[in-house]
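Engineer: As you go down the protein sequences, you meet chains A and B in turn. Using this note's numbering, the first residue of the first sequence is number 4, and each one after it goes up by one. Using this note's numbering, the first residue of the second sequence is number 14, and each one after it goes up by one.
Hint data in this document are derived by calculation from the structure and do not stem from the laboratory. The model shown is predicted, which means the values in this text are computed figures rather than measured ones. Where is the CB? At the ideal position from N, CA and C, for every residue including glycine. Please note that the accuracy of each hint is not assured.
[Unchecked claim] Below, in silico cross-link-like pairs of lysine-lysine (DSS-like), each with a Cα-Cα straight-line distance of 27 Å or less:
id: 1; chain 1: B; residue 1: K71; chain 2: A; residue 2: K31
id: 2; chain 1: A; residue 1: K31; chain 2: B; residue 2: K129
id: 3; chain 1: B; residue 1: K129; chain 2: A; residue 2: K152
id: 4; chain 1: A; residue 1: K35; chain 2: A; residue 2: K152
id: 5; chain 1: A; residue 1: K62; chain 2: A; residue 2: K48
id: 6; chain 1: B; residue 1: K259; chain 2: B; residue 2: K129
id: 7; chain 1: B; residue 1: K71; chain 2: A; residue 2: K116
id: 8; chain 1: B; residue 1: K142; chain 2: B; residue 2: K71
id: 9; chain 1: B; residue 1: K129; chain 2: A; residue 2: K103
id: 10; chain 1: A; residue 1: K35; chain 2: B; residue 2: K108
id: 11; chain 1: B; residue 1: K83; chain 2: A; residue 2: K35
id: 12; chain 1: A; residue 1: K152; chain 2: A; residue 2: K116
id: 13; chain 1: B; residue 1: K129; chain 2: B; residue 2: K71
id: 14; chain 1: B; residue 1: K22; chain 2: A; residue 2: K31
id: 15; chain 1: B; residue 1: K22; chain 2: A; residue 2: K35
id: 16; chain 1: A; residue 1: K48; chain 2: B; residue 2: K108
id: 17; chain 1: A; residue 1: K152; chain 2: B; residue 2: K22
id: 18; chain 1: B; residue 1: K83; chain 2: B; residue 2: K129
id: 19; chain 1: B; residue 1: K108; chain 2: B; residue 2: K22
[To be verified] Quick partial rundown of chain B residues pointing at chain A, CB under 8 Å, derived from the structure:
id: 20; residue: K22
id: 21; residue: R92
id: 22; residue: N95
id: 23; residue: L96
id: 24; residue: L100
id: 25; residue: P251
id: 26; residue: A262
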Amino acid sequence: MGIALIIIVVLIVLLVVILIAMYNGLVKLRNKVENAWAQIDVQLKRRYDLIPNLVETVKGYAAHERETLEAVIAARNSAMTAGTPQEQAQAENVLSGTLKSLFALSEAYPDLKANQNFLNLQEELTSSEDRIAYARQFYNDTVNRYNTKIQTFPSVVLAGAFNFKQREYFEAEGEATGPVHVQF
Amino acid sequence: MYDQVSQNKRRSILLIAGFVVLVAAVAWAVTQLFALGPAGLVIALVIATATAFASYWKSDSVALAMSRAKPADPTTYARLHNLVEGLCIASGLPKPRVYVIDDIAPNAFATGRDPKHAAIAVTTGLLEKMNRVELEGVVAHELSHIKNYDILVSTLAVTMVGIIALVSDFAIRFMWWGGGRRNDNDRDGSGAGAIIAVVGFALLILSPLIAKIMQLAISRRREALADFSGVEMTRYPPGLISALEKLQADQTVVHSGSKATAHLWIEQPIARNEEEGRMSRFNRLFDTHPPLEERIAALREL
Numbered sequence: 004m005g006i007a008l009i010i011i012v013v014l015i016v017l018l019v020v021i022l023i024a025m026y027n028g029l030v031k032l033r034n035k036v037e038n039a040w041a042q043i044d045v046q047l048k049r050r051y052d053l054i055p056n057l058v059e060t061v062k063g064y065a066a067h068e069r070e071t072l073e074a075v076i077a078a079r080n081s082a083m084t085a086g087t088p089q090e091q092a093q094a095e096n097v098l099s100g101t102l103k104s105l106f107a108l109s110e111a112y113p114d115l116k117a118n119q120n121f122l123n124l125q126e127e128l129t130s131s132e133d134r135i136a137y138a139r140q141f142y143n144d145t146v147n148r149y150n151t152k153i154q155t156f157p158s159v160v161l162a163g164a165f166n167f168k169q170r171e172y173f174e175a176e177g178e179a180t181g182p183v184h185v186q187f
Numbered sequence: 014m015y016d017q018v019s020q021n022k023r024r025s026i027l028l029i030a031g032f033v034v035l036v037a038a039v040a041w042a043v044t045q046l047f048a049l050g051p052a053g054l055v056i057a058l059v060i061a062t063a064t065a066f067a068s069y070w071k072s073d074s075v076a077l078a079m080s081r082a083k084p085a086d087p088t089t090y091a092r093l094h095n096l097v098e099g100l101c102i103a104s105g106l107p108k109p110r111v112y113v114i115d116d117i118a119p120n121a122f123a124t125g126r127d128p129k130h131a132a133i134a135v136t137t138g139l140l141e142k143m144n145r146v147e148l149e150g151v152v153a154h155e156l157s158h159i160k161n162y163d164i165l166v167s168t169l170a171v172t173m174v175g176i177i178a179l180v181s182d183f184a185i186r187f188m189w190w191g192g193g194r195r196n197d198n199d200r201d202g203s204g205a206g207a208i209i210a211v212v213g214f215a216l217l218i219l220s221p222l223i224a225k226i227m228q229l230a231i232s233r234r235r236e237a238l239a240d241f242s243g244v245e246m247t248r249y250p251p252g253l254i255s256a257l258e259k260l261q262a263d264q265t266v267v268h269s270g271s272k273a274t275a276h277l278w279i280e281q282p283i284a285r286n287e288e289e290g291r292m293s294r295f296n297r298l299f300d301t302h303p304p305l306e307e308r309i310a311a312l313r314e315l
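Starting from the given sequences, assemble the full structure and let the hints guide the process.
Structural biologist: See the structure below:
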């Protein structure tokens, strides 16, 4: 009698401990997803901050290429103010395109191409694009782990009870699919 | 991937245990040969344990110092820092310390005991010869060594293999010089003494070999594995492929590469004897890395 009671109590305590650990694991993973999403914004902001510098530097050498420069600024501003993630992704695509034409432009200006500041900015922007792509990749990897976790047994039981919802993947369209490798 | 991590942690513990046993055995051999008595064994055991733990905490500094690596300046080596940071974002790793080795031979390695205490070092030759995408492939390869905890096992091996080699070299030399004197006061000893001496001698000779095998066991297959998980990070196999091809075409050899650190590098840093002969098969047994052709071919299949 006494022994049976002890065994039951021990089993219940064990079950509770397992459930707590599982719940905490789910919360941890969900926070990781949030963090990965925030990381994308951090990297996007880094790129927005670099662009005015770049435009200023290019202006010093190729002021009459106003169209291209203005297109870059306009694309940056619309990407910064975009509301929904879809709009933002679209604006980002436009921005990447205008930046590409800006760098293509530099081919015609040897002085600009040799400018140390321009070269630094070019390196920073290239790595910024890489980081954005990598941040998205990491977000998707994390979402993948999280979604798998809340869909598989036994965590699916807890996920249902505590309303852990599936997350959506970041899906890039067209050119923005891979990391943008700019080769010089 | 997670299996890989726990396997590496298990291996590290085994490595430490094996190391302590081996050092103790060598120490026992030494004490038998030179009739130092049990006190010598105790001292040797203490030293073995102490060095094993010291190498857990400090072996990354040893590996870096042995290769004459210097911290990379963030402005001079902006591209390198940027690539490392970008790939850390992709893999969710904290950014490791970044080092540069002044050497024209293109090569790189990672070291440390866990991702939070990791470092990656590249030669200036690598920075010169690789373009951005290729460098990214190499850095991703090194970061996956960090992520998989390969660095823990292999840096432990650096200090341990180094110590074993040092001790046995020392003991063998000591025997040449001091061997004659010992014979006189051992004359009253029985046949058992002679047997023990032979066993001790064998252990002394074998220990570098054992150390070498230890080093090999942990290194060869993992290079190919790190190639794959590196590509998983960049999602761009051609980058690493063309980097490996450049390494293959390059004939220069890292100056500061030594036998103790050979297994750390992305490509074997020690010149290989090109002569074909009866020994070449045997020599290949002792390569720390699979041939580059095999690694490139495996990546092409992706």
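Engineer: With reference to the structure, classify each hint as holding or not holding.
Structural biologist: Verification of the supplied hints:
no., hint, result
1, K71(B) / K31(A), "32 Å, violated"
2, K31(A) / K129(B), "19 Å, holds"
3, K129(B) / K152(A), "26 Å, holds"
4, K35(A) / K152(A), "13 Å, holds"
5, K62(A) / K48(A), "22 Å, holds"
6, K259(B) / K129(B), "31 Å, violated"
7, K71(B) / K116(A), "45 Å, violated"
8, K142(B) / K71(B), "31 Å, violated"
9, K129(B) / K103(A), "37 Å, violated"
10, K35(A) / K108(B), "17 Å, holds"
11, K83(B) / K35(A), "34 Å, violated"
12, K152(A) / K116(A), "50 Å, violated"
13, K129(B) / K71(B), "14 Å, holds"
14, K22(B) / K31(A), "23 Å, holds"
15, K22(B) / K35(A), "24 Å, holds"
16, K48(A) / K108(B), "20 Å, holds"
17, K152(A) / K22(B), "25 Å, holds"
18, K83(B) / K129(B), "19 Å, holds"
19, K108(B) / K22(B), "21 Å, holds"
20, K22, "20 Å, violated"
21, R92, "6 Å, holds"
22, N95, "3 Å, holds"
23, L96, "7 Å, holds"
24, L100, "7 Å, holds"
25, P251, "10 Å, violated"
26, A262, "20 Å, violated"
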